[in-house]
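Undergrad: In case you want the letters, here they are:
Protein chains: 2
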Amino acid sequence: MSASLLRLPTGPVDLRGLPTDATPDFAHGKTAGKVALAELGPRLGELQERLFSEHTTEHPRSVLLVLQGMDTSGKGGVLRHTLGLVDPQGLRITSFKAPTAEEREHDFLWRIRRALPGPGLIGVFDRSHYEDVLAARVRGLAPLEEIERRYAAINDFEAELLAGGTTVVKCMLHISADTQRERLLERLDRPDKHWKFTPGDIDDRQLWPAYRAAYETALERTNTEVAPWHVVPSDRKWYRNLAVGRLLLDALEGLAPTWPPARYDVAEQRRRLLHEADPDPDPDPDPEGSAA
Amino acid sequence: MSASLLRLPTGPVDLRGLPTDATPDFAHGKTAGKVALAELGPRLGELQERLFSEHTTEHPRSVLLVLQGMDTSGKGGVLRHTLGLVDPQGLRITSFKAPTAEEREHDFLWRIRRALPGPGLIGVFDRSHYEDVLAARVRGLAPLEEIERRYAAINDFEAELLAGGTTVVKCMLHISADTQRERLLERLDRPDKHWKFTPGDIDDRQLWPAYRAAYETALERTNTEVAPWHVVPSDRKWYRNLAVGRLLLDALEGLAPTWPPARYDVAEQRRRLLHEADPDPDPDPDPEGSAA
Chain L
1 MSASLLRLPT GPVDLRGLPT DATPDFAHGK TAGKVALAEL GPRLGELQER LFSEHTTEHP
61 RSVLLVLQGM DTSGKGGVLR HTLGLVDPQG LRITSFKAPT AEEREHDFLW RIRRALPGPG
121 LIGVFDRSHY EDVLAARVRG LAPLEEIERR YAAINDFEAE LLAGGTTVVK CMLHISADTQ
181 RERLLERLDR PDKHWKFTPG DIDDRQLWPA YRAAYETALE RTNTEVAPWH VVPSDRKWYR
241 NLAVGRLLLD ALEGLAPTWP PARYDVAEQR RRLLHEADPD PDPDPDPEGS AA
Chain R
1 MSASLLRLPT GPVDLRGLPT DATPDFAHGK TAGKVALAEL GPRLGELQER LFSEHTTEHP
61 RSVLLVLQGM DTSGKGGVLR HTLGLVDPQG LRITSFKAPT AEEREHDFLW RIRRALPGPG
121 LIGVFDRSHY EDVLAARVRG LAPLEEIERR YAAINDFEAE LLAGGTTVVK CMLHISADTQ
181 RERLLERLDR PDKHWKFTPG DIDDRQLWPA YRAAYETALE RTNTEVAPWH VVPSDRKWYR
241 NLAVGRLLLD ALEGLAPTWP PARYDVAEQR RRLLHEADPD PDPDPDPEGS AA
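Going down the list, the protein sequences come from chains L and R. The first sequence: position 249 = 249 (the working numbering), numbered continuously. The second sequence: position 219 = 219 (the working numbering), numbered continuously.
Everything labelled a hint here was simulated from the structure, so no lab data went into it. Wrong hints could be hidden among the right ones.
Unchecked claim - Restraint-style ranges between C-beta atoms, simulated for each label pair:
hint	chain 1	residue 1	chain 2	residue 2	range
1	R	Gly29	L	Lys34	29 to 39 Å
2	L	Glu182	R	Asp282	17 to 27 Å
3	L	Asp107	R	Ala213	46 to 56 Å
No experiment lies behind these values; they were computed from the predicted model shown. Cβ coordinates follow ideal geometry from the N, Cα and C atoms, glycine included.
Throw the hints in and build the complete structure from the sequences for me.
TA: Here you go:
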């Protein structure tokens, strides 16, 4: 995987010190950014299909893209615009909501494990196990000792994923509170976006500092070598979509999947196919033809 | 739903009498066909998002696209090229393989029900419950009485789906045995397609007439008013992709989903947002600024 300027350095995290509106590694503007994203399509598509083809082999791998971020940070936009570039057959997208009663009866990773991508797939988590140390912490949904336990449990889990062939790509979509206000206002101003808004979204803004603190702790505690965090400046939607696309491409290029070789004799199968009995003979041969 | 020339008339079905290489309802060629498919994108995308927004309402609907066809008929191509036009968040794709031991212990519809699209989603079945009257019949995987029972069970099931808000769009991708041979040869000739081929694919061609008979019976017995069949000429990939796109668009236009109205007072929420306490005050105000 190539180095990325977006990779979070290890150590204490200060989200206020990380830009929300910059465009690291991209010197051009919105129009060029959209073109650059579209241009990722063919490479992403080919590498995704190569990865997918591994499901026919003995050691198939997979990729898990974890998308986290405050409301309106654009997890859905990344799914639509960036993941929309690849064959939907190769994707497994899971949007995690508040846990159900059944899910709450199990360890927090239970529902996560059930949503992992199968062999050869790109899994995408729209929210994830990180909500169990973010929302859970801010809203007091679990005792603090349990939340403390979870950081290490997450690191163990992600190390286990990598050992099992799943590359984990973690992206925090980083926006400012002002950008969130603009996006909520847009949802109120556009009737085609009213369904995306609930009044609780405004109440939740007063939790912004608590969420930031919870993110900073989570990012610091789970920024491991095997599954590092990337903090993606996301005030500009086009940059966010492009940056996540590049991170996904980096991960796929790091895996460098190749087409599986044939497990049969190609020449022999060719001969069989060219000399088979006609599987679908004409039931009513043309009598004139036969007479000729 | 608008009438389609591809809708199968009721009554006995003779697949040999239905074209595999025609392009009904489209007078142009391949290049224009690809453009026409791309042009469906924005309408498909908007209607899909409107349908998706219904998951926030009390009576959300969904669509289930059933893709059936012989090997190489292009179910995967439709998924990639046609379903690839819509937001992957709005799709739920299930590829049915031979049933597992657990699945075989249940009624044939058990695994099907578990894969139905949730509220507001477009579900796509790459193979489906129809395999339980097709492969099951041809390969003798179930007693004939059981297979006979299944036709009615399928009709009841699909009527139940429609009553529950799920529109079922059934497409049989119709190719000739010659086209299948060409496509299998291509898989043998191209190293990037070797993984898609197994020698059993050639053996299965000798079952072509048996499969055709099983399809004819299944199509006739399950071609209901609530869930009619469409037979899509699929020797030309571009036409197949376009035709299924049009059928999906017809279904979505028939549903005519609209944006859900706000369940809150928009003006009041706007005021709240514009007059909230700053959720993220600057921790270290500029002293020069304060002195000004």
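Undergrad: Taking the hints in turn, state whether each one holds.
TA: Evaluation of the provided hints:
1. Between R:Gly29 and L:Lys34 the CB atoms are about 30 Å apart, so this pair conforms to the stated range of 29 to 39 Å.
2. At about 18 Å, the beta-carbon gap between L:Glu182 and R:Asp282 stays in the expected band of 17 to 27 Å.
3. The hint said 46 to 56 Å for the Cβ distance between L:Asp107 and R:Ala213, and at roughly 52 Å that hint holds.
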